[in-house]
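Enquirer: Those letters in the sequence shown? Residues 1 to 278, per the UniProt record's numbering, in order.
Each hint should be verified, as a subset may be incorrect.
[To be verified] Distance condition first, Cα-Cα at most 30 angstroms in a straight line; then the derived DSS-like pairs of lysine-lysine:
#	residue 1	residue 2
1	K158	K27
2	K31	K163
3	K73	K163
4	K3	K150
Think of the hints as simulated: they come from the structure by calculation, not from any bench.
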Amino acid sequence: MKKILVPTDFSEHSNFALQVAAQIAEKSNAKILLFHMMGIAQSVFISEEDQKQAEAIYYLELTRKRFNELLEKDFMKGVETEVVVQNYKMFSEMNNLAHDKGVDFVVMGSHGYTGLSEMFVGSNTEKIIRTSDFPVMVIKEPCENFNMKKVVFACDFKPDALKAYRKAMHFFNNFGSEVHLLYVNLPNEEFRSTSELDQRVNEFLSVANEGVINPNHKVHYYNDYNIESGIYAFSKAIEADVVSLATHGRKGVSHFFMGSVGEDIATHVNLPVITFKI
1 MKKILVPTDF SEHSNFALQV AAQIAEKSNA KILLFHMMGI AQSVFISEED
51 QKQAEAIYYL ELTRKRFNEL LEKDFMKGVE TEVVVQNYKM FSEMNNLAHD
101 KGVDFVVMGS HGYTGLSEMF VGSNTEKIIR TSDFPVMVIK EPCENFNMKK
151 VVFACDFKPD ALKAYRKAMH FFNNFGSEVH LLYVNLPNEE FRSTSELDQR
201 VNEFLSVANE GVINPNHKVH YYNDYNIESG IYAFSKAIEA DVVSLATHGR
251 KGVSHFFMGS VGEDIATHVN LPVITFKI
């Protein structure tokens, strides 16, 4: 872990993300790339009109002031930071920046939604996840003592999840995490027997780990009416620190929750969530 990208709009929730990123950077001796997308019409910057030139100067000065305020926060002391401001309009441009800068990981804030589907679907969060080639951690609340001692990786154990699984295991191994692999078993046509799941999981892990089973990785099957509820109920039961998911790239994570009952048991479970692209 050498470089962490933190997008900021200077909101409270993006500050929560920066606080977590600072803790990770301090523990792993990583550098933070603090990034802001201005999203201002190009005409404002190139216009010769006095009013538009004044607007451009105002926006730049305001951005500089806000960055200075962030860098002066107590949790940023001793953390190496690079500030980048671009007038991007597309989130894919941020992914290109991450490649150019050698980023390993993205940490971003999201508003205090109560469920996974609400957190992701139709939001800027989903747009960043969909376009990012890097693991993305979503932070909803302040976390002064962040750790990844116990993590959940929710997976369907199908072959197309191998890439995301390998990324996730490599990532968590860097932190010495205890990984709980989770399959949420749904009713009706989605239901799988224990023997069916054992066979699927064993075949998946044999290929993924080249026959080597990591003793720090535990496999669980959890029965529930929808995936979202199952993930959160299980994570709460084992007192997990972080939840992680596989995401199908351009499809984002919304497909993960399609058809869910939408039971919002996550009201009081505001765990960080990490996505790994398949």
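Enquirer: Would you mind marking each hint as holding or not holding in the structure?
Expert: Hint by hint, here is what the structure shows:
Taking the CA atoms of K158 and K27, the gap is near 34 angstroms; set against the 30 angstroms cutoff, the hint is violated. Among the hinted pairs, K31 with K163 is consistent with the structure: their alpha-carbon atoms are about 26 angstroms apart, no more than 30 angstroms. With a C-alpha separation of about 38 angstroms, the suggested pair K73 and K163 falls outside the 30 angstroms cut-off, and the hint is violated. A threshold of 30 angstroms between alpha carbons decides the hint, and for K3 with K150 the separation of about 23 angstroms falls inside it, so the pair holds.
The structure shown violates the earlier hints numbered 1, 3.
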